[in-house]
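A.B. asks: One-letter residues, chain by chain:
Protein chains: 2
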Amino acid sequence: MNHPRLKIVVIGGVAAGASCAARARRLSEDASITLIERGPDVSFANCGLPYHIGGEIESRNALKLHTPQSLSAMLGVNVRTGTEAVEIDHTAKRVAVRRLGEETLEWLDYDKLLLAPGASPLRPPLPGIDNPRIRTLRNLGDMDAIKAAAASARRVAVIGAGFIGLEMAEQFRHMGLEVTLVELQMQLLPQMDAEMTAQLARELTKNGVRLCLGKGIEGFAEKDGAVECRLAGGESVTADLVVLSIGVKPDSALAAKAGLTLGKRGHILVNGFLQTSDPDIYAAGDAVESVDRVTGKPSAVPLGGPANRQGRAAASHMLSPETARPYPGSIGTAIVRAFKVACGMTGWSAKRLQAEGIAFQSVTVKDNHHAGYYPGAKPLTLRVLWEEKTGKILGAQASGEEGVDKRIDVLATAIAAGMTVGDLANLELSYAPPFGSAKDVVNLAGMAAENLADGLLEQVPELPTGDATQIVDVRPPAAFAANPTPHAVNIPLATLRGRLGELDKSRPIVTVCAMGKTSYFAARILKQNGFSAKSLSAQA
Amino acid sequence: MNHPRLKIVVIGGVAAGASCAARARRLSEDASITLIERGPDVSFANCGLPYHIGGEIESRNALKLHTPQSLSAMLGVNVRTGTEAVEIDHTAKRVAVRRLGEETLEWLDYDKLLLAPGASPLRPPLPGIDNPRIRTLRNLGDMDAIKAAAASARRVAVIGAGFIGLEMAEQFRHMGLEVTLVELQMQLLPQMDAEMTAQLARELTKNGVRLCLGKGIEGFAEKDGAVECRLAGGESVTADLVVLSIGVKPDSALAAKAGLTLGKRGHILVNGFLQTSDPDIYAAGDAVESVDRVTGKPSAVPLGGPANRQGRAAASHMLSPETARPYPGSIGTAIVRAFKVACGMTGWSAKRLQAEGIAFQSVTVKDNHHAGYYPGAKPLTLRVLWEEKTGKILGAQASGEEGVDKRIDVLATAIAAGMTVGDLANLELSYAPPFGSAKDVVNLAGMAAENLADGLLEQVPELPTGDATQIVDVRPPAAFAANPTPHAVNIPLATLRGRLGELDKSRPIVTVCAMGKTSYFAARILKQNGFSAKSLSAQA
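Protein chains in written order, with the working numbering: chain A, 1 to 540; chain H, 1001 to 1540.
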């Protein structure tokens, strides 16, 4: 296990890099470990940056998990910030580094090298893109700049409704700013299926975020001391501050220059032990392409969890190849909160499965996040997708105010285990009134999938239009009156058997309720009485 | 799928019985379904009873998920409350029922019979046990009686510190009563390992519950208009109201009388389809013994989740044996909250594994329930137990103020999937600052298990006493000063490498910190420098 004087150089001092250095030191007190970081900070909490801008995380120092000094003291690592790696000589096993702003190159010898350069926010070459009011968010410096600019801003435009865009929109609203959120696609969170983002869109609108969906950015122009963001179709949004959060690209230039193999989208290709095409050069974090754990296909997941675990796995293989365990690939689990609503996802979405031509089925169910009779129950919508032939779970998405993270974590675990959707029916999850239900919404998804397989459940994803279909809302009269379903007749479930004569057997029926459960019960009654009935799937 | 006029009789109208009736009706509109319930209520929320007593659930009606009338109307089921089943003639396939207080027997024919009689609170034949101030809690009537008695009580004794006992102790404190919680074992929650209940005990004490652990009850006596509870060893507790919550016994008398096979502890034995020894008689819920999903051994889990799913599974097999899926057995997942602290468990505890002689290993880890830099992070302790030879996860327990349910549900899923403890290291759980950490405490458990296997991590479960061992607390000086570890020297981790000379290489060292993580880092430094060092395991 001991490798006296093994020389390890780590390029990049945040999630993957710092994890690698820490694990390497735990495995070997003797190794010489040098950590090179271009920026002034190491081991900071990228994911917390939006929350300091909005003030939810008050102390800037809270985001610095370590200073260069404390990291160096704790790990006995040579930490060099403000230093960039400019060239790798893999034949001589050395890497050239240079202090920012200086000319002198210094060559560092390595036995094992980790590349953890991360990914940069995209900044497409649009007209006016160099306006200093247009910002991106990657590090503490970017955060400081946005926070300073926001302090004197009134109107903010956030371009891109992914994780960072949503978090920034929320935080800017907390600061009292006028916020417009622009997204190229016709939905928030393009990673998810559009229908599953409906609750999130309502929540943002309710909290005063102006949504501008389906609009590409064509360019920017300085206008009266502000920026005019020109959208496709002629519309424009004027803002004192623009945050661009349309995605990231891997910082793989150094790797490319060194001749390491890159993936189709420019990521550094690695094997299960995080080795690049040069076995003494490892790579981890946002810049690498690993494999998708569900399908085995190439996959890059630029998120903190995979970065940390990859950095750790790389160190294990550098120092202890005989016991090192491979990184099994990524699933793509993620979550974001905006105001009270959380959206979570794991594995593949329906639209991604469709795009890849993978045959799948799905159910969307809805129930309270804990026992409905206990105060504070909030509805939660869960979609589960599985492989048609085998039932193997391929993905899941959830939306709600409470308990979204829990259900996504259960599904992420089920996916990692290769469970089938039917297995969800009998998961024995923790139940006491403040925490869950005797039949959790995860169980309901499994039961619904079995009912689908058995031909008991037939759903439509949305309300049909036109007169061809009879729409029967089976909620109690008061609920129907408060929020009537368009073009529906209200026949509460408990009265349905006695009122079958009011319905036309020659026309199909779609049943509707609040959660998508009672409408299933109603459809069962109708079908067994000779009607052609389907129920409306739960809606986020 | 249709079984015209199939006659189904269901005995018991709460969790398992109501689930069975509802599922049966969805599978067949034509079946004749009769639901027999001894009490006045059906389909009520047993698990909510304590919360109505304390007022947390204000409305009594919220606990009635259905009235007999609404259940009957919704399901088209003949609901007969206040009626008990007194005899089964399984040759003639009929069951005798009688209205409470009446003599007349009525014989109901059945094609399929479900027994869902539940379990009764234990009421051991101790001296004075018949005192009307000594109550048990099973149904709405019991709840009303306790609520009424509590209204004029000042002192309450709760006997038994399981789920209901803990919930009652909390609720009585909410009502401002003096509460003594008596438990035969030397710990709260006897289902869990003692060490994992320490935080819960502190929380109860902090909230004014007097704990009386390791005390058996020897009898009760009327005294000055109150009850004196006599404890083993001579102590006594005087209370105006006593709630007995020391466990339940299956209500299997009818099944026994009918000659159905019972288990060792009096439960009704069932197969995977919930059939008893008579294949037309099914049983489900608290009265049955199913199998343990981890070990395949007989297991009875008297909880709402299994009851609901068993009732549903029984109905599926009654009406649709060709597509019915077996109930896979129970894992024993449970959770309880008292004040701010939740304790959760799934699978087997260490003491149960020890008692059965099963070779296992375990780790106990601790970390914040979400990113430490995001406001509101609460420490959470997680213990995972696995089979020594295979790594297969056998059980888990957690304690904390937030996120306990989520980790237990992840572990319950991992157990159901047959995952190994190493698999936990690479679970890809949802991470954003309000929800988790880049390395979740579940991941840490997996990593710790791997470190244990690799000989990197060596732990002691508790602080050693005596001078033989050097105790080194590696927390920062301020943390140490605020809460010093007895007999420890404080050497903060970052200074350890420079202060090795202060330690004696000839004596073993135990390292200590707040979460059990830094102390592991310290032990790694020490071991690699020739010391014999172990770290103190995380403590709940």
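Among the hints, a few may not be true.
Stated by the list, open to error - These stretches of chain H come out as covered by chain A in the derived footprint (C-beta under 8 Å, 3 or more residues):
{"id": "1", "stretch": "1127–1136"}
{"id": "2", "stretch": "1353–1360"}
Claimed, not checked - Simulated crosslink set (PhoX-like; lysine-lysine; CA at most 25 Å straight-line):
{"id": "3", "chain 1": "A", "residue 1": "64", "chain 2": "H", "residue 2": "1392"}
{"id": "4", "chain 1": "A", "residue 1": "517", "chain 2": "H", "residue 2": "1064"}
{"id": "5", "chain 1": "A", "residue 1": "257", "chain 2": "A", "residue 2": "93"}
{"id": "6", "chain 1": "H", "residue 1": "1392", "chain 2": "A", "residue 2": "378"}
{"id": "7", "chain 1": "A", "residue 1": "392", "chain 2": "H", "residue 2": "1064"}
FYI, nobody ran anything at the bench for these hints, they're computed from the structure. Since the structure is predicted, the reported quantities are computational estimates derived from the model, not experimental observations. Each residue gets a CB set at the ideal place from its N, CA and C atoms; glycine is no exception.
A.B. asks: Now tell me, hint by hint, if it's right for this structure.
C.D. replies: Hints versus structure:
no.: 1; hint: 1127–1136; verdict: violated (count 0)
no.: 2; hint: 1353–1360; verdict: violated (count 0)
no.: 3; hint: A/64 x H/1392; verdict: violated, 38 Å
no.: 4; hint: A/517 x H/1064; verdict: holds, 19 Å
no.: 5; hint: A/257 x A/93; verdict: holds, 15 Å
no.: 6; hint: H/1392 x A/378; verdict: violated, 35 Å
no.: 7; hint: A/392 x H/1064; verdict: violated, 38 Å
Consistency with the previously given hints fails for numbers 1, 2, 3, 6, 7, ordered from lowest to highest.
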